[in-house]
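*Asks:* Sequence:
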Amino acid sequence: MEKSDHTYLAIHQWAEEDRPREKLLLKGKASLSEAELIGILLGSGTKTLSAVDLAKQILSSVHNDLHALAKLSVTDLIRFRGIGEAKAITIVSALELGRRRKESEPRKTLRITSSNEAYEYMKPELTDLPHEEFWIILLRRNNSVIGKEQISVGGVSGTAVDPKVIFKKALDVMASGLILIHNHPSGNVQPSEADKILTRKVKSAGQLLDIPVYDHLIFTDHTYFSFSDESIMP
1 MEKSDHTYLA
11 IHQWAEEDRP
21 REKLLLKGKA
31 SLSEAELIGI
41 LLGSGTKTLS
51 AVDLAKQILS
61 SVHNDLHALA
71 KLSVTDLIRF
81 RGIGEAKAIT
91 IVSALELGRR
101 RKESEPRKTL
111 RITSSNEAYE
121 YMKPELTDLP
131 HEEFWIILLR
141 RNNSVIGKEQ
151 ISVGGVSGTA
161 VDPKVIFKKA
171 LDVMASGLIL
181 IHNHPSGNVQ
191 PSEADKILTR
201 KVKSAGQLLD
211 IPVYDHLIFT
221 DHTYFSFSDE
231 SIMP
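For the sequence shown, the numbering used here assigns the number 1 to the initial residue and increments by one for each residue that follows.
It is worth saying that the hints were derived from the structure and are not from the lab.
For each residue, glycine too, the CB sits at the ideal point set by N, CA and C.
Worth double-checking, as some hints may not be accurate.
Cross-link-like lysine to aspartate or glutamate pairs, in silico, DMTMM-like; alpha carbons within 20 Å at most [stated by the list, open to error]:
{"#": "1", "residue 1": "203", "residue 2": "162"}
{"#": "2", "residue 1": "196", "residue 2": "172"}
{"#": "3", "residue 1": "148", "residue 2": "120"}
{"#": "4", "residue 1": "164", "residue 2": "128"}
{"#": "5", "residue 1": "29", "residue 2": "96"}
{"#": "6", "residue 1": "169", "residue 2": "149"}
{"#": "7", "residue 1": "71", "residue 2": "117"}
{"#": "8", "residue 1": "123", "residue 2": "193"}
{"#": "9", "residue 1": "102", "residue 2": "34"}
{"#": "10", "residue 1": "148", "residue 2": "117"}
With beta-carbon atoms standing in for the labels, derived distance ranges [to be verified]:
{"#": "11", "residue 1": "171", "residue 2": "192", "range": "45 to 51 Å"}
{"#": "12", "residue 1": "154", "residue 2": "200", "range": "16 to 22 Å"}
{"#": "13", "residue 1": "96", "residue 2": "26", "range": "37 to 43 Å"}
{"#": "14", "residue 1": "34", "residue 2": "171", "range": "17 to 23 Å"}
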């Protein structure tokens, strides 16, 4: 493996324009690589690796995928030589701030008229989760959003869902329609047979209560499956 030119130099020995902090001040934050930004968070490396090279090792372990990095826990990070609990907490905290910033960005619309809009609306809640969660989006008659509610939390391979809980939440806010959505941490976007059975059960209950279920989305970090788009809504 090719070694960095800075492998055996402390950051303070680098040319000033190459030091991450100084580079940020001189050239702006956009000029820094992901490894340099994480290096600033780390502050220091080991006897043989600079903070930036240590950051490169961490990024390499997740194939330079920031979404995968965001899934690492403190326990995962402290397995790297040179990463103690304090540094691991700093990285996890920074990535969580980034996620919350995305969540707090003003949304262009509060009406959901497509599966993609529902998917985007749920990204802040379901991205980077290592376990399954089941949510509903509550809608008014014009498809404007009342809100979203978590129904259940499960394990890696599934979560139990009680239709009575779904419709209690819908009735509490006088919702006129629902979209079901849950994530597959495995990244497999295809619905299981259990997903199909649950969809039929909830759709039938909604017809009795005059609260239509418009769609059921299977969420993964990079894409989704829509029962409605695939014409398999019961």
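*Asks:* Please go over all the hints and tell whether each is borne out by the structure.
*Replies:* Going down the list of hints, with the structure as the test:
{"no.": "1", "hint": "203 - 162", "result": "holds (13 Å)"}
{"no.": "2", "hint": "196 - 172", "result": "violated (26 Å)"}
{"no.": "3", "hint": "148 - 120", "result": "holds (13 Å)"}
{"no.": "4", "hint": "164 - 128", "result": "violated (28 Å)"}
{"no.": "5", "hint": "29 - 96", "result": "holds (19 Å)"}
{"no.": "6", "hint": "169 - 149", "result": "holds (8 Å)"}
{"no.": "7", "hint": "71 - 117", "result": "violated (24 Å)"}
{"no.": "8", "hint": "123 - 193", "result": "violated (24 Å)"}
{"no.": "9", "hint": "102 - 34", "result": "holds (18 Å)"}
{"no.": "10", "hint": "148 - 117", "result": "holds (13 Å)"}
{"no.": "11", "hint": "171 - 192: 45 to 51 Å", "result": "violated (28 Å)"}
{"no.": "12", "hint": "154 - 200: 16 to 22 Å", "result": "holds (20 Å)"}
{"no.": "13", "hint": "96 - 26: 37 to 43 Å", "result": "violated (29 Å)"}
{"no.": "14", "hint": "34 - 171: 17 to 23 Å", "result": "violated (47 Å)"}
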